[in-house]
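All chains should be built: construct the whole structure from the sequences, respecting the hints.
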Amino acid sequence: MAFDNANSIGVEELRPSMPEEKLSDHALIEATRNGDETAFEEIVSRYRNSITNYLYRFLNDYEEAVDLAQETFVRVYFALDRYHTQFAFSTYIYRIATNLAISEIRRRKRRKLLSLTGLFQTEEDSTVEFQPTDHRMLQDDELVDDERTEVIARAIAALPEKYRVPVVLRDIEGKSYDEIAEIMELGLGTTKSRISRGRGLLKEKLQHYL
Amino acid sequence: MGNLDPKKLEMGFESLDEKKISQLLATMPRIEAPGDFAFRVKARIAEARPVNSKPMWLPTALKAAAPLGLAVFIGGYFAASSLYQTDDAGAPQAAIETAMPAPVSQPAPEVMAFTPPVVAAEEVNTPVVQPVREVAARRTPARRPVASTPTVEEPNRRSFDEALTIPREPSPSQEPVKTVDTPAKGTPAGEVLTRIGIEALFGENGWKAQSVIPNTAASRAGIKAGDIIESVDDQDLTDLGSVGKPATGKKLRVKRDGKSVEIKID
Numbered sequence: 011m012a013f014d015n016a017n018s019i020g021v022e023e024l025r026p027s028m029p030e031e032k033l034s035d036h037a038l039i040e041a042t043r044n045g046d047e048t049a050f051e052e053i054v055s056r057y058r059n060s061i062t063n064y065l066y067r068f069l070n071d072y073e074e075a076v077d078l079a080q081e082t083f084v085r086v087y088f089a090l091d092r093y094h095t096q097f098a099f100s101t102y103i104y105r106i107a108t109n110l111a112i113s114e115i116r117r118r119k120r121r122k123l124l125s126l127t128g129l130f131q132t133e134e135d136s137t138v139e140f141q142p143t144d145h146r147m148l149q150d151d152e153l154v155d156d157e158r159t160e161v162i163a164r165a166i167a168a169l170p171e172k173y174r175v176p177v178v179l180r181d182i183e184g185k186s187y188d189e190i191a192e193i194m195e196l197g198l199g200t201t202k203s204r205i206s207r208g209r210g211l212l213k214e215k216l217q218h219y220l
Numbered sequence: 373m374g375n376l377d378p379k380k381l382e383m384g385f386e387s388l389d390e391k392k393i394s395q396l397l398a399t400m401p402r403i404e405a406p407g408d409f410a411f412r413v414k415a416r417i418a419e420a421r422p423v424n425s426k427p428m429w430l431p432t433a434l435k436a437a438a439p440l441g442l443a444v445f446i447g448g449y450f451a452a453s454s455l456y457q458t459d460d461a462g463a464p465q466a467a468i469e470t471a472m473p474a475p476v477s478q479p480a481p482e483v484m485a486f487t488p489p490v491v492a493a494e495e496v497n498t499p500v501v502q503p504v505r506e507v508a509a510r511r512t513p514a515r516r517p518v519a520s521t522p523t524v525e526e527p528n529r530r531s532f533d534e535a536l537t538i539p540r541e542p543s544p545s546q547e548p549v550k551t552v553d554t555p556a557k558g559t560p561a562g563e564v565l566t567r568i569g570i571e572a573l574f575g576e577n578g579w580k581a582q583s584v585i586p587n588t589a590a591s592r593a594g595i596k597a598g599d600i601i602e603s604v605d606d607q608d609l610t611d612l613g614s615v616g617k618p619a620t621g622k623k624l625r626v627k628r629d630g631k632s633v634e635i636k637i638d
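Chain order of the listed sequences is A and B. Reading the first sequence from the start, the letters are residues 11 to 220 in this note's numbering. Reading the second sequence from the start, the letters are residues 373 to 638 in this note's numbering.
Hints are computed from structural coordinates only; laboratory data are not their basis. Quick reminder that beta carbons are idealized off the backbone N, C-alpha and C, glycines included. Incorrect hints may appear among the rest.
Covered stretches of chain A (chain B as the covering partner; in silico rule of three or more C-beta atoms under 8 Å from a C-beta of chain B) [said to hold, decoys possible]:
1. 33-45
2. 52-62
3. 158-168
4. 179-190
5. 202-214
The structure is reproduced here in C-alpha cells:
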C-alpha cells in the first residue's frame, strides 16, 4: 500500500483515474490492499461526511468529531488486512467510530470525576453527560442560530451512550435495525428496545417541539 | 400521545410520539467534514506508519544487550565503589602524615605508640605545628613510660586482684595511739627511749644517749649524755631493732664509765 506516497497528489487529480462505474466498498478495499493509492481516497471521500456527522451528533463537539473521524480512517487503513469482506464495510467503519466515540465519552467522564464540578452536582444532573459548552462557531452559522437544533443536539448529547448510539444511527444516519444491531454487536430485540427507550427519554426533553 | 398503532408498530414505532421524535431528529442538519479532511488523514497515516528502514535484528540485539549492559554497569559500579572506599579509608592517614612535620633527627617510635591518631589529627589543625614528641608528652603525661624511679603512687597502680591478695599496711594515721604506760609490742628501741626522755643514737657500743630531756623520767633518774643504754625492762638493746616485749621503760641498765648500773625510773 503506497497511500502515503500520494501526499503530493490532490484528490481531484486522482479521481479521473477512477473507473466511471462506482466500485463497491469491498472492491476499493481490495484495491487498497493491492497498492491502489486512489482507492482509499475514494473510501475516505465516501464516508468522511457521514462519519463526521455521526460523531458530531454523538459528541456535540465539532473539532472532536473531526479528530475522531480522521482517527477512524487511520484505524481502518491499518486494519485492512484483518478486515473480512463478508461483513458490510459501512458497518465496520461505524463500529470503529462508535468505539472511538465511546472511549472519548468515558475519558470525559474520568475527567469529570477529577473535576471539582462533580462535587456540586445534584443527583438529577449526574444522569446527564458532561457536555461543556462549545462556544466555537460551527461551519453553518444558521445551525448555531437555530435554537431548536441546539436544544435537540443537547438533548441527544445528554442521552446515556447505550441509547445515544442506536438513536443517532437510526434517526439521524438512517441505518437499519439490522445494521445497528451489527454495529453495536447486540441482538435485534435489544437494539430496538434501546432505540425505543432512547426516543422516550428524548420525548421528555423535547415535548415542547412535538 | 402514547397511542398504539399497528401500522406504526410495524414500522418500528411503538407510539406516535416516538415517530415524531424520529422525524424531529431527521430534520437535524447534516454536518460536513472540513475540506482538508483527506489530507489530514493521509498525514496521520504517514505519521503513524512504522519505519521499515530499520534493520529487524536491531531490536533483538537491543533486547539482549540491554540486560547485559545493565549487569556490567552494576558490577562496575560496585567494583569502583569498593576500590574508592579502600582509597578513601587510607586517605586521612596519608593526609596526616603529609601534614605533620617529619622528625628530622630523632624519630620517636615509642611516643608515637602512645600518641592516638586523634591527637595527631587535632595537631594538624593548630596554626603552629609542634613536634609530635612534645604534643604527646603534654597531652598524655600519665602515659609517659617511667622505667627507673618508682614513685609513692606505685602501689596504687596494682591491679584490683593484687589489692585483694596483698595485706594492707597500716597508714600512720591508722596506727593506735601509743602511751608510755602501754607501749605496743615491737616498739622500736629509739622510740621507747624517747618516751622516757632520752635522745639516743645507735652506735658501735649500742644505744648511746646524746642528751636527756629535762623534767622527764630519765632526767629525774640521773641519766646523762654519754650513757650507753644496755637494756630496757630486762630486754637487751643489742641491735637497731625493736624491743621484743612491751616495755614501760621503768627499769634501765645503763653503762657509764665502763660500769653497768641498773636504774629504776618512777
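Report task. Tell me, in ascending order, the numbers of any earlier hints that this structure violates. Result -> 1
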